[in-house]
Each structure stands twice: as structure tokens, then as C-alpha cells.
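> Given next are the chains, with one letter for each unit.
Number of protein chains: 4
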Amino acid sequence: MPGNSFGRAFRFTTWGESHGPAIGCVVDGVPPGLPLAEPDVQYWLDRRRPGGKFTSQRREPDAVSIQSGVFEGKTTGAPISMVIENQDQRSKDYSDIKDLFRPGHADFTYWKKYGHRDYRGGGRASARETAMRVAAGAIARKVLGDDVTVRGALVQMGPHAVSRDRWDWDAVEANPFWCPDAETAQTWESHIEEVRKAGSSTGAVIEVTASGVPAGLGEPAYDKLDADIAKAMMSINAVKGVEIGTGFAAAAERGEDAHDEMRMDGDQVVFLSNRSGGTLGGISTGQDVVARFVVKPTSSILIPRKGVTVAGEETEVVTKGRHDPCVGIRAVPVGEAMLAIVLADHLLRHRGQCG
Amino acid sequence: MPGNSFGRAFRFTTWGESHGPAIGCVVDGVPPGLPLAEPDVQYWLDRRRPGGKFTSQRREPDAVSIQSGVFEGKTTGAPISMVIENQDQRSKDYSDIKDLFRPGHADFTYWKKYGHRDYRGGGRASARETAMRVAAGAIARKVLGDDVTVRGALVQMGPHAVSRDRWDWDAVEANPFWCPDAETAQTWESHIEEVRKAGSSTGAVIEVTASGVPAGLGEPAYDKLDADIAKAMMSINAVKGVEIGTGFAAAAERGEDAHDEMRMDGDQVVFLSNRSGGTLGGISTGQDVVARFVVKPTSSILIPRKGVTVAGEETEVVTKGRHDPCVGIRAVPVGEAMLAIVLADHLLRHRGQCG
Amino acid sequence: MPGNSFGRAFRFTTWGESHGPAIGCVVDGVPPGLPLAEPDVQYWLDRRRPGGKFTSQRREPDAVSIQSGVFEGKTTGAPISMVIENQDQRSKDYSDIKDLFRPGHADFTYWKKYGHRDYRGGGRASARETAMRVAAGAIARKVLGDDVTVRGALVQMGPHAVSRDRWDWDAVEANPFWCPDAETAQTWESHIEEVRKAGSSTGAVIEVTASGVPAGLGEPAYDKLDADIAKAMMSINAVKGVEIGTGFAAAAERGEDAHDEMRMDGDQVVFLSNRSGGTLGGISTGQDVVARFVVKPTSSILIPRKGVTVAGEETEVVTKGRHDPCVGIRAVPVGEAMLAIVLADHLLRHRGQCG
Amino acid sequence: MPGNSFGRAFRFTTWGESHGPAIGCVVDGVPPGLPLAEPDVQYWLDRRRPGGKFTSQRREPDAVSIQSGVFEGKTTGAPISMVIENQDQRSKDYSDIKDLFRPGHADFTYWKKYGHRDYRGGGRASARETAMRVAAGAIARKVLGDDVTVRGALVQMGPHAVSRDRWDWDAVEANPFWCPDAETAQTWESHIEEVRKAGSSTGAVIEVTASGVPAGLGEPAYDKLDADIAKAMMSINAVKGVEIGTGFAAAAERGEDAHDEMRMDGDQVVFLSNRSGGTLGGISTGQDVVARFVVKPTSSILIPRKGVTVAGEETEVVTKGRHDPCVGIRAVPVGEAMLAIVLADHLLRHRGQCG
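Residue numbers (our numbering), protein chains in the order written: chain E, 3 to 357; chain B, 3 to 357; chain P, 3 to 357; chain H, 3 to 357.
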């Protein structure tokens, strides 16, 4: 039961370690005849790519190559293989982390599971794997078509949440934090600067939204649309929670406030609110699908923490070198991609059963 | 791509509508030789069964029958079929909800998806389906064995959260709310009484915990242990959010506080805290696995809400008859069951790949 | 990774032992809105049911009950649970086979795999399981619709093959052997009578055909239409081989004779022969899909054979009581059902990916 | 529901077109700690590689590159990505086949399924895809370990079958046909020479055998070991039939001859024959697993055949250039690989459920 694939009808499998020769994915089940070329994928990869002042200093072009499944500019229905060479992986010295179980990292659990692991740069557990999610997400967007818009924003960094009143999707593109509120973006800039100087890191909450999703997507019982979204988001590195619509706030609500009332607009049913986050009984309502997830602070920090070695010696762990004080920033395009993938998968699944 | 099954190695499929002749499930992949009889399953079903003063008045014995896969008191490795007859389903008049899209219910989305639906008592979307999750969970507990303990509690009802300082697992069994804090249980009693009188309903947060889980369970990338837990919990009716360990609180944390430091206890690695909730990189650490999920207030309430009919007429919806003011209470045994199922599935998956 | 399910989009799971309380299946992924009632399924079950002079004497009504997924005479898209009570299972004495490994039976392998087994009447390994394949096949036929006809015939019994020149589909219904050639049916009657008197059994070859299958069904590479048909047929009890189109005869052919030439009939491509058996590259051509499979002689015979006991003692095995001298006869409706299921599954899969 | 993956626990996915930039596969679920390096895979690829006098003239080194999942000479449990660059794919002129539906090829069915296809050298339907099966099979052999031997031979070419009495596994390596009988190999040499001169092609039967397989592998009902073998073999290009053990010959047998009797050898159960081909009830007996499959004559021949064009014009098709008069020869290593893969998959599946 290997775990490196996601999706049932739109299905992709990723491979590759952070400091191996390359990373890649195979996307299977893509409908034929969709226009697709490398720049369509590269566009989204470039949005994820680290390099800004506030993210990791790893500088790789992350140039994607499509190896199969596309012919004369269109998908053929055959599996699409995409590869990114790791250019930055040579001549590293990993002796400092080779035998270390670092707090907050997967070193210990991989060791317990496999006995043998690729310790270079986090190996398979590295967030570098998420690049291929973004690549697969680019194809998922093609499957969804132009009527569906999937986008995301950072809505909280450390203790600082955005103001919903000032929400502006254009602002998201205008700052290095995907912040939908220009004023809060400035607060975050100070915050992250302070965190970096302290050698620490900070958490974040991301919100992803899909507009234009037709009603009827999702399966009852176990493969509910929101259940698959929850899995998709929780599978992203460092994520500790997921919510849909009102989410955890629903606990304190009363029944008369918690549900979306309906009225008619001509012959269309309209909802008077979107507390449900776009799903009822696990199936899309036609309203925006809205999910949020939380990313814990980066585990690699300059502040010494207590760790142990493979040999069972107690030690202090300090992580030098490039790292993101807030990995949540880079998770925004990844969350968007996973949402697009879940929707594309359920679009094809729905078409299969219900025509 | 049907959605009525869950799990890869320990896999179960449920069927049945709320007011059809019966509900049931088939559990496949169960290891042979485990002692199993109907009372082992019935015990857990009885814990879930409504009937108390604070839950729905539907009174069914919910007597489970094992139809296959068990011989001479032990599992054979063949699929285990379990059935519960619906005794309460006859002679109902559903004309009042037949053509209605009720706010917060799946009426509208099922209609949009399938065009044709079993409207009796919510049909397939009814929480009655969760009885079979509890039945499958009883078998999952057998697979996990006596060293693993899976249990749950309600940790918030409406705006009232329990006190962690007063947490007492024995208290959980001593009140009708699965409340681990006797003092808060009294607050809840007043709260739910008030809600009921108002014809309203209230939300809740449930925490489920597994102790004794060996390190190494879970798959990297997409089938992370926590990702599968997130899907499992979000697939439960009315759930709007899931978190692991510190969960959403991680957003406001600093890197030096967010991760579990390690020390040696003899030749064993020990963690000095459990902020991770028992997983790192999607794989169990050996600490308690701790997840929380939120259940929205029951959508069936006496307070009139705006709905529409299948024919496109605007109407007011009032739900009479038996209903739970807080469906979260009944979700506790369901959450426990789903956690046990995810763990059993990953236990077998891990054994398959890693021996 | 349990093995009691079949299909990806049209997916069914069977359960139950030969002499347990009941057998059943759950069919998931069925499109909504298909007319379906118990007689639609019963019709096909009755064709499979033993009882004739030339098959087993087990006399059960095999009355199917639909427990879910159908409402007001139509499928709802929810899982369809079907159950057949075992009326004939009581008060048996199995002490003679309880501790025996019988030649040609699965006693030994189940014992080696599971250590613990339900030995009553073959338990899970009994051909009784195939009744639920026929039930699921009845629903698959509904999915395929009236334009697709799936039917089968016995084309060889023992050494006696039918004459292709005398093939008559009407004859198939007019004799107890599903023989398409009235003359050969008479030969078979003598043959089976002789075999029965000798306390022996005889093998058979079944041919199943689907007409009206649209071109384009099947997946490249591993889930080729013919690959899934091969798995479907080989999964039937006692089957030892499967072939498509010319099958094994293709070994001795020359390239110029082995392939189907094409011409135009108006604007339609027509094939001048059907050596391919209706698939090219694993995808349906639009011609008849034609497969054959071989069923070995019944292993339960009156002639003593060398077996051993669980305790490791050598013994002679003689099987008394009701048995089919030619189980191949009863495999005809099962083969038809499995072909219908594979086609329905691929129809939905194709619609999912290609619209 | 894409179809380019195979296996449940040991699972691989292939990608790539005959004349695209590369072909590759991702193998997921491989146990950690197995010694593995590129030469381990290359060895088996070299056996499959065309180039001999009697196979296609395509001359590519087919050098495999391992991109992930192996570290310090051992598998890590992470997905193993393998790639072979297509060196021979440039500057081709495909205008002669671009718009053609060739008899016996998948041109027509791909067109009907996808509407859009990569026509270069057969695209995804080319037998070149089978190279990655051999690569995955090399890893499957590692999973099975040294106690299991998987090997194959050509047992019939055109009308000429080998003599079982002269069977010699060493001979298989000593002629270009994988022929286990040196005398028949000479007959084949004349036969294939004659076929080639005639511009025709010829069919073949391959037998694959696995020794040392433990008893207990395989799942009841649908994922029987022999059912999965049947699917595996039928999924190989140009295969039209599969049989296990006595196979189609079982039709003409009597019950007393068709089954393997048992005796004790010390405390071990021994079978007095292996008519079953190593499985009973779909589960391995511990005897050799023996399967045969038939490969139709190559469809690309010099003898003109009737075809049509995409535009609906009738035409004569003659295939010039390099081609194998008997593609069955190259199918031997592919069949071995698929058998190893099915066994490795079931080994891990069995360990998961039964420990």
C-alpha cells in the first residue's frame, strides 16, 4: 500500500529526494485534447519558487520538463511525466545531520519506519516534494477549465490575522506574503524580520478558495469532497489542521446561525451565506469552496533545541544555513494546487458515475 | 470511483439508508485468528446508541448480526459482513420533507448530483450510517490489540470548553456527554437544556486519542497518518474541521516552542512534550496520537429557517420530531472508531512493506 | 489489500460462506436513475441456479433481497446491497472433511494462508460465491443498457467441441448445457451420463460474447479491456485458462492471416473479420468482444484419490453427496456476468476520463 | 481511473511513448534495505533488448538511470524512479502512418478513444513500454529474494512446439529464441528465416515459471494469484491468451486425472503432480507456479493488407523498416518480469494481512 500517489480518477504519483538527481511526478487519467505545454506548468512553479527576501535562499530555476503524454501541444490521455532536475544538490556535507534526530523533523520517524534513510536535506520528507504537487496542480487547473478559479492567501502569520474587511485579491499578488490585506502585510514584514533576527520561525494559516465549482461534486460517506480536501491539505508538510467553511468556529454557534438559508433567484437556488464552505453532505453546493489550513513554524531554527543522535546520545540541535522563517508562505501555492487536484479528481469521478 | 469504502489494507464498505430495511458493512482484510463475536461489536454500538435525555429519541436496539468471516469464534481472513435491521422505519409520512431543500442538510446537493434520491429520514446522508463505522471500529480495535487504547471525549460544547487541568478519563464514562471534566459537564447540562428549550442546537469539539501506537505507522507524502486521520474525521457527518496535536494554535507559535524536544531514557528516545500529536512527517512517533474535530450544530431545529422546494418555491423550514440538540455527543464513539480504523489500516500497510 | 472486490468505477464486494447464514454483495458506483427491482436480478440468478438433472442437487430458491440503493424503483447512486439467505446450511455433519486436504480443493492453501478456516462446504472457496457475481452482473447489464447484449455458451465438454457451423443462439436456451449446437448437446448428454456413472467428472470450455459494445472502452497498458476480462474469468472457481479472439490458435498463424483487415461501409470503418475478439491495444474496436475460458473437471468425485489430513496422515478421499459432474455448465451465467461487469466498469471509467 | 499502474502493495506506474524523449516508471511500496543499483536492473533490460539477427534492428543501449528511492546502495522505502532516454527517436518521418489505421495495430482504437494520439512509432501502444516492466521486474526479484527463481522460455513458435522430454533450462540461454530444446531451436531458425523472407510474421507461446514460491500467496475471490497472473500476462502487447497449469487441456480431462494427489514426505505435504500450476483456490501451493501465454504474429509485415485512413479512404498497408518477425521472442523477459511483479505484490499483501 504505497502512499506516494493521490487521487482516484485524476491520479498523480511523486518521486524524488531533496538532494537526489531530480524530482518528478506522473499524472495519469488526464482527459485527452487539453492544450498543455511546459510554460503552463512553469508559471505555477515560479510562483512557488523560493528566493524572496522572506523565504529560503535556495536558488534553483526549477525548470520543469514534460516527458510524455503531450503531443502537438495537447494532452493525449496517456500519463504525463514531469521532471525537475536538482541543480543545487552536489558536494554537500551532511555529516552534521546524518546521525541526528532533529526536533520537529521526520528524522526519528523515518528511522523507526524504514531503518535506512536518505538523510540529505530531509530526503523524501523535504518540502521540495511539494514542487511536484504544484506541477500536477497546473494540469488539474486545465482539467477544471476556465470557469473554475482556484486561489489562495495567507490569512494569519504568527499572532497576526488579516482583516476580512480589507480583503483584496489584487493585494495578494502585490506583496511577498500572499497577503490579501496591504495593511496587515506591513505588520507581517516587521514580524518576520523580528523572527528571523531572533533565529526563530513563525506559524501561519492559509485560506484556499475555488469559485465556479459546479454543484454535485463529491461522494457520500468516505470520499466526501471536504474529506478529500482535508486529506489533501493535511498531507502538505508541516500542516497541523484543516477546516472548511466556518470550521472550528462552528462549535460555539447556534443551529439558527450555523446553516445557509436559501432563496430563489429566478429559477436558481441561491444561498444567503456560505458558512458551509461550499459543501453539504460532502457534495459541492455550487458556492465557493473555502478551506483553511495551519502550518506550524519551521523546525529548522538557530535557537538550540534538545535532540538525540541515532547512537542514543543527547545533543543540542542548531540548524544553520538557508531556511524559511515562515514556511507557510510557500504553502499557499501548494494548497491551491491540492485544492485544484481534489476538484479535478471529483469532476472526473462525478462524470464517470453520473454522466 | 465509488466513495462508500475506507481503508486500503483494513478496508470497509458501508451501505444502507436511514429508513430502508437495514444498514450494514463489509470489512475486508481482517487478519485471521482474531477472537470475535457479536457482543464484541455490540458493546461499542451500545455506547453510540441514542436514547439518553440529551440525544435523539429514536429507540432501536441496533442489534448487530455477523453474517460471515467468523468461524468457531475467530476471524477467518474472509470478509466480515455485519447487518443491523432498521426496526423503526415503517409507516412514516415523509411528505413534509419529500420535496424540500432544508438548510444545512444534503437535500440540495444529493438532488444536484443524482437527480433522484431516497428522501426518507435523510437516506444515505443520515448519521445512521455512522453506526457501521462504529461496528467496523470494533474490529479495528481487535486488529490493534490490547496494547493500543483508543478513546475520546467531548472537549467543547457550544462556547464552553473543558478545563484541561481537571481532565479525568473516568469522568468521561460518568456523564451523558463524554465530558472528561465533571464540573464542565454540569455547565453543559444547563447549556443543552437551554438550547433544547429554545428549539435550537449547539456545536461541539471532540478529542480522540490513541495510546500505545508503535512508532513507524503512516506513509510519506499523501497517505500520511495525520492526512488519513483528517480524512477519516472530516468524513463524519457535520464535521467542519480537524486538527492534530497543537493544531490551529500552531499558527501563533514560535519555532522554539512548537516542536517536541528529545532526550534519552535508558536506550529509549523520549519526547519532552507532545505538540506534534504523535506524528512527524506523517509517521507515528510512538507518543499518543491526538486529534480533534468540530461538529456543527444540528441542522434540524424548531426555529424556522428559509428553505426552498424542489419545485423552486420559497418556504420556511421547521423540523419537528426527535432530534439531537448536540449531535457532537454521538460523534464521540464515531471519532474513536475512525481513529482505530486508520491505525489498523496503517498497521497492516506498514507490516506489508516493512515486515 | 483485501481481494474480495472487483472493478474500479463499477465496483462490487462479495461476502459469505457456502454454509454460513447468508451470502451477499455490495455494488458501489452504480449510476443513479436506472430502473431496478429484485426480479431483474432474480431472473439471472435463476438461470445460474443448480437443480437440473445434470448439475448439483442443492435445491435452494436463492431468492435475492435488495437492501439499499434502490428507491421508488430506481437506483439512487448509493451502494446496492444484495443478500441471499442460505436455507440449506443447517444441521450438517462436516466431520468427514473438517480435517482433510482434498485433492483439487483449496483446503490446503487456505490452511497454509490463514491457519484457521471455515471448512463447511468449502467455506469462502465454494462456488456458491459466484451467485453474487451473477447478481452484480444483472446490475452491470442495466448500466450497459439495451444496446449491449452479453451472452454465453458452452463450446466444449470433455473432448467434445461444438460445431461452429451449427451454431444457433436459440439452441443455447433449449438444452440443459447452454449448448449452441443441438447435435452436440446430444453427444454431451451421453458423455455426462457416462461420467456420472463412473463417479467421475469432466471439463469444459465456455465462450462469452458481448455485442453492441462501443469502440473506445479499455485502458492502455495494465487495465486493458482484455487484461481485465482475463482476470475476471480466471477469478471464477476452477478456471485454468482464458483467451480472447483467436486465442492460443494465434501461435500457429502467419501475420497476413492473424489480423483483421478494414474497409469502409459508407462513413463507417468495418472489419472484415474478428480475429482480435473485439479489442486492439486493449481497447474495444466496436466488434463483438469474444472470450473463452476453460473449467477443470469437478474435484469432488466418487473415485478415491490420495489426500492427507491436517494432522499429516495419508488417506484416501472420496466425495459423496450432491456434486456436478461438469461444473462448467454452471459457469456459463457466471462468465456472462463477469464480462458484463468488466464492460460496465470500463464504460464508466471511459466516460470519466474522456467524457 | 487511469490504467498505467499495476499492483496493490508493490505498485508501479509506467509512462512514455515510443518516440518521445524518454520512457520511465515509478515503483512504489518497495521494502527498505534491499541492495539495489543500476546494474541489477540493466542486467534484465539487456536480456530484453532487441538487436539479434531474429529481432528488431532498433539499436539502443537502453541504459537505465535510477533517479530516486535508493541511497548508499539500498532501497529506502521511497518510490524508485527509473528512466531510459530514447536515443533513437529523432528526425523521423511518420507521414506514412500518421493518418493510417493499420490492421492489427491500436491506431483505430486509440483514435476512437482519445480523438488525439501520438502516432510516432506506435506512441504509448508500442512494445517499447514493456522495457519498464522488465525494469520493475528486476526490483520485484529483489523483493522475492534468492529463494524464488522466476524464468521463462518460448515453448512454441508458429506451428512448432518444443519437446518436453528434451527440456533443458541451460539451453534457454544458448540460443536466440529462449528455446529450452536445442533441436527445436534449429527448426525455429529455419522457420523464422522463411517467415522473414516471405515478409510475414509468426506467433508464439511463452511459458513462465516461478520456483520457491511459499504456499499461501494470493487472495480469495477476485485477486486470486492466478487471476492476477492472467491479467499481468494479458496486459502484455499482442497477447491473446493465458493459462495456468494444465490450462485449456483441462477441458478434455476426467476428474480422476485433473487434480494433484498428495502424500507426506516426513512432515511435509507433497503433491504427486503439478497440474494445478501451483495454485489452488487462487492461493499458491508451494509448488512451481507455471503459466503460459500466446503472442500473436507481429502486425507490421511487408505483405500488403487492407486498411483505411483517418479520412475514411480505403488503402493497402505495407510496413517497411525494422520489425520482429516473431515478437514472442522479446516477450519472454517481459513475461518473467510480470510474473515476478505479481508474486512480489502478493508476498507483501500476504505479509500485511497475515503477518
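Think of the hints as simulated: they come from the structure by calculation, not from any bench. One or more hints might be untrue.
It does not matter which identical chain is used: a pair holds within one copy or between any two.
When the alpha-carbon atoms are kept at most 20 Å apart in a straight line, the in silico SDA-like pairs for lysine to any residue are as follows [what the hints assert, rightly or not]:
#1 K199 with D170
#2 K308 with P216
#3 K199 with P306
#4 K100 with A200
#5 K144 with R353
#6 K114 with E87
#7 K114 with A184
#8 K114 with E40
#9 K322 with E263
> All hints are to be evaluated individually against the structure, with a verdict given for each.
Status of each hint after checking the structure:
In this assembly of identical chains, the alpha carbons of K199 and D170 never lie at most 20 Å apart, being 30 Å within a copy and 42 Å across copies at closest. In the homo-oligomer, the alpha carbons of K308 and P216 never lie at most 20 Å apart, since the shortest distance is 50 Å inside one protomer and 22 Å across protomers. Within a single copy, K199 and P306 get their C-alpha atoms as close as 14 Å, which meets the 20 Å cut-off; across copies the closest is 56 Å, which misses it. When the C-alpha separation of K100 and A200 is checked against a cutoff of 20 Å, the pair qualifies neither within a copy, at 26 Å, nor between copies, at 62 Å.
For the homomeric pair K144 and R353, the shortest alpha-carbon distances inside one copy (16 Å) and between copies (18 Å) are both at most 20 Å. For the homomeric pair K114 and E87, neither the shortest alpha-carbon distance inside one copy (29 Å) nor that between copies (36 Å) is at most 20 Å. Neither within a single protomer nor between protomers do K114 and A184 lie at most 20 Å apart by alpha-carbon distance, with minima of 45 Å and 39 Å respectively. Taking the shortest alpha-carbon separations for K114 and E40, neither the intra-copy value of 39 Å nor the inter-copy value of 27 Å comes in at or below 20 Å.
For a Cα distance limit of 20 Å, the shortest separation of K322 from E263 across copies, 18 Å, qualifies, whereas the shortest one inside one copy, 53 Å, does not.
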